[in-house]
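Trainee: First to last, the protein sequences are chains A and B. Start counting at 1 in the first sequence, then tack on 13, and there's your number in my numbering. Start counting at 1 in the second sequence, then tack on 270, and there's your number in my numbering.
Errors might be hidden in some of the hints.
As the list claims (entries may be wrong) - Below, a sample of chain A positions facing chain B; criterion: calculated Cβ distance under 8 angstroms:
hint: 1; residue: L100
hint: 2; residue: G101
hint: 3; residue: P102
hint: 4; residue: K187
hint: 5; residue: Y275
Honestly, the hints are just simulated from the structure, not real lab data. Built from N, CA and C at the ideal position, the CB exists for glycine as well.
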Amino acid sequence: MNRIIRKRQLSADVYRFTFEAPNIARERKAGQFLIIQLDNDFAERFPLTIADADADAGTVDIIFQAVGASTMKLAAMEEGGSIANVLGPLGTPTHIHSLDGPVVCVGGGIGVAPMHPIAQAHKAAGNRLIIIMGARNRELLIMEEEMGALADELIICTDDGSYGRKALVTEPLKELCESAEPPAQVVAIGPPIMMKFCAETTRPFGISTLVSLNTIMVDGTGMCGGCRVTVGDETKFVCVDGPEFDGHLVDFNNMMLRLKAYKPQEEDHRCRIGADGTGDAE
Amino acid sequence: MSEYKTRDTLDAEAAALWKEYGGRDLTVKERRAIPQQDMPSQDPVARRSTMSEVALGYTENQVKVEALRCLQCKNAPCVAGCPVTIDIPRFVDHAARGEFAQSIAVIKESSLLPAICGRVCPQEKQCMLTCTVGKAMKDPEKSVAIGRIERYVSDWEVAHDAVESIPVAPPSGRKVAIIGSGPSGLTAAADIRREGHEVTVFEAFHKPGGVTVYGIPEFRLPKAIVERDVDNLISMGVNFQTNFLVGRTRTIDSMLAEDGWDALYIATGAGLPKFMNIPGENLVGVFSANEYLTRSNLMKAYQTGKALTPMYAAKKVCVFGGGNVAMDAARTAVRLGAEEVHIVYRRTEKELPARVEEVHHAKEEGVIFDLLASPIEIQGDENGRVTGIVCQRYELGEPDESGRRRPIPIEGDTFAVACDACITSIGNASNPLISQTTPDLEVNRWGNIVVEEATGRTSIDRVYAGGDIVLGAATVILAMGEGRRAARAINAELAG
Chain A
14 MNRIIRKRQL SADVYRFTFE APNIARERKA GQFLIIQLDN DFAERFPLTI
64 ADADADAGTV DIIFQAVGAS TMKLAAMEEG GSIANVLGPL GTPTHIHSLD
114 GPVVCVGGGI GVAPMHPIAQ AHKAAGNRLI IIMGARNREL LIMEEEMGAL
164 ADELIICTDD GSYGRKALVT EPLKELCESA EPPAQVVAIG PPIMMKFCAE
214 TTRPFGISTL VSLNTIMVDG TGMCGGCRVT VGDETKFVCV DGPEFDGHLV
264 DFNNMMLRLK AYKPQEEDHR CRIGADGTGD AE
Chain B
271 MSEYKTRDTL DAEAAALWKE YGGRDLTVKE RRAIPQQDMP SQDPVARRST
321 MSEVALGYTE NQVKVEALRC LQCKNAPCVA GCPVTIDIPR FVDHAARGEF
371 AQSIAVIKES SLLPAICGRV CPQEKQCMLT CTVGKAMKDP EKSVAIGRIE
421 RYVSDWEVAH DAVESIPVAP PSGRKVAIIG SGPSGLTAAA DIRREGHEVT
471 VFEAFHKPGG VTVYGIPEFR LPKAIVERDV DNLISMGVNF QTNFLVGRTR
521 TIDSMLAEDG WDALYIATGA GLPKFMNIPG ENLVGVFSAN EYLTRSNLMK
571 AYQTGKALTP MYAAKKVCVF GGGNVAMDAA RTAVRLGAEE VHIVYRRTEK
621 ELPARVEEVH HAKEEGVIFD LLASPIEIQG DENGRVTGIV CQRYELGEPD
671 ESGRRRPIPI EGDTFAVACD ACITSIGNAS NPLISQTTPD LEVNRWGNIV
721 VEEATGRTSI DRVYAGGDIV LGAATVILAM GEGRRAARAI NAELAG
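Okay, chain A solo, but in the shape it has when bound (with noise of 0.2 angstroms):
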């Protein structure tokens, strides 16, 4: 189970793996995500977003920033491995539908893995997909190709201008959003405040703008309520009722301040990890 057939480095601390799980590629849809968990006693659960699946092939492919305790051991497993535990595909999937105007798929960093599926999606329900790639630098761009060859137009930006224009992805959203054939559907994924920035930048224009967040969760499957966000009036659950919500209407400020509840510790924890990765040192 959870077999690791293909492991790709795709920048410094950012990987791609593919592994078995039949079930999870067989149901998955776009906009849905996964929970892992390495071991069985003392590891912790952490969603982790598909980046795509092959039904056929029974496989599910991640794409994940090495960055905390859980994912950095997870980046020093080896293809033959197993991950212990996969739970999924989690969340409401995205609502596709036929658009009368464009689609502008703003991914961010390693949003842009997430977007990958709904970017595919959209592209098969006949939708004019126009997508906008943004990264610190040329470096941490990635799925340059995969994104590149769904969309009907690719637009790249760096912070640092090293590749594609140097611009923060809102600039050519707002562009977008001013043209003569302005989005009829903006997605934004990537960090909570580039997601608060790309819908700022659409509200102005009544563009619908869905975001897709990853919020601090146990289960993945409503229990625990962790996850919660507020929209508009309401608390919502990012694991069941999300991941995707109305960008216009989302809480950033309280879900950016949540994400932070555990950085004591985490850094306590940082200081403990050893240099392999694995947590051991102690």
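Chain A is fixed; fit chain B onto it per the hints.
Mentor: Showing chain B alone in chain A's frame:
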């Protein structure tokens, strides 16, 4: 409840009673003269810093003396109070004679999870409620301590390596899926497997057990006991498929149409935490009891240094609600290093839904009860972290439909409590996942699955349901009763 006594003291008292009453025929009057045996427990101060089980279990002297209190009523009103109709007088009589192997065998005719039930059943609301001894004393808490005797004999069986494997009929060629591995699912799995059907239990988490592993803390129900019961099922040939969320990993419709299951039993529990909808509820440091307990129990976050799942650091914790789960959360907070833990509850101590024993334990461990009060606002600092709550004071008015006196807010009477974490424990709603992904499944307006009462049959052919997903949040033993009922109906359907 009486003052704290050590296990040795309680055992010595029981030994003296056994000398007086044991080994001879007793009159009803003599039996009634025997005092109820207190459950030995860990020292109330020492246990505040350990997760190990609080209730230590009767000694042999105690269990025999307690069993002597049973009047062996011919009409056995206690049995009628038990959701799985254990032959209580018979197993208690064996215990009084020291025949513990026979005693546990009687229980196992009706229940395969006695070590769990002996610990977490609310006996005072079930078998002990109808017990003649308690009726005579006008206090179900003073009835024969049936659960403590049950626990003793089930622990005795394990300690003496006397667990007998359950006989399984030859393969029937039929296969049944059980969805959810909590008490209801495990009970149904055992009963269906016994008839020779292939049984697979699907569980979304990485470990089977449901609420007994994620919800009930180690200090009330050691996880080794749950593992042992699951292992017994595995040895009977029951398959467990963890990390499988029915409704998402596979829909009910596909399981029936494509995967060849002859019958399904849905026992997914009540797993959607309710919040209070008060200002500040999404501040950092506000948790559902489900989240707080799951982190500590299932994810083992209490083992800091080993577990990667963190616990929120808090010195002052307020728990909202008065049920057993609220007590579990408060007592977990004590063990995780909180210096001050409050239970905030709208009614008085008399109306607390938690078991008297749990309230007693919580008080012994220093939990403060803010009664006739309810939070109306949670306050936070500039980082969005909880700094305190504002509570409204209540008084009790006329009884409502449930017979409990209705709490009425006292206009303008509020007070503040400083704290750095809040835990809401005001119940669970039904998780909508299965009903959302199974269009033909009939649910009521609260999202509970509608079933035929006698069988647990749902609106879909070959699909049964039971436990909290049908009842709303209830108890372990009621869920087990439902599992047993559905198993009987499924076995009958597969045999026919």
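Trainee: Min Cβ distance, A/P102 to chain B: is it shorter than 8 angstroms?
Mentor: holds, 6 angstroms
Trainee: With a cut-off of 8 angstroms on the beta carbons, see whether A/K187 makes it to chain B.
Mentor: violated, 29 angstroms
Trainee: Was the hint right that A/L100 lines chain B, CB cutoff 8 angstroms?
Mentor: holds, 5 angstroms
Trainee: Using Cβ atoms only, decide whether A/Y275 comes closer than 8 angstroms to chain B, and label the hint accordingly.
Mentor: Hint holds; A/Y275 Cβ to chain B Cβ min 4 angstroms, cut 8 angstroms.
Trainee: Answer holds if the nearest beta-carbon of chain B is closer than 8 angstroms to that of A/G101; otherwise answer violated.
Mentor: Status holds, d = 7 angstroms.
Hint violations for this structure: number 4 only, all remaining hints satisfied.
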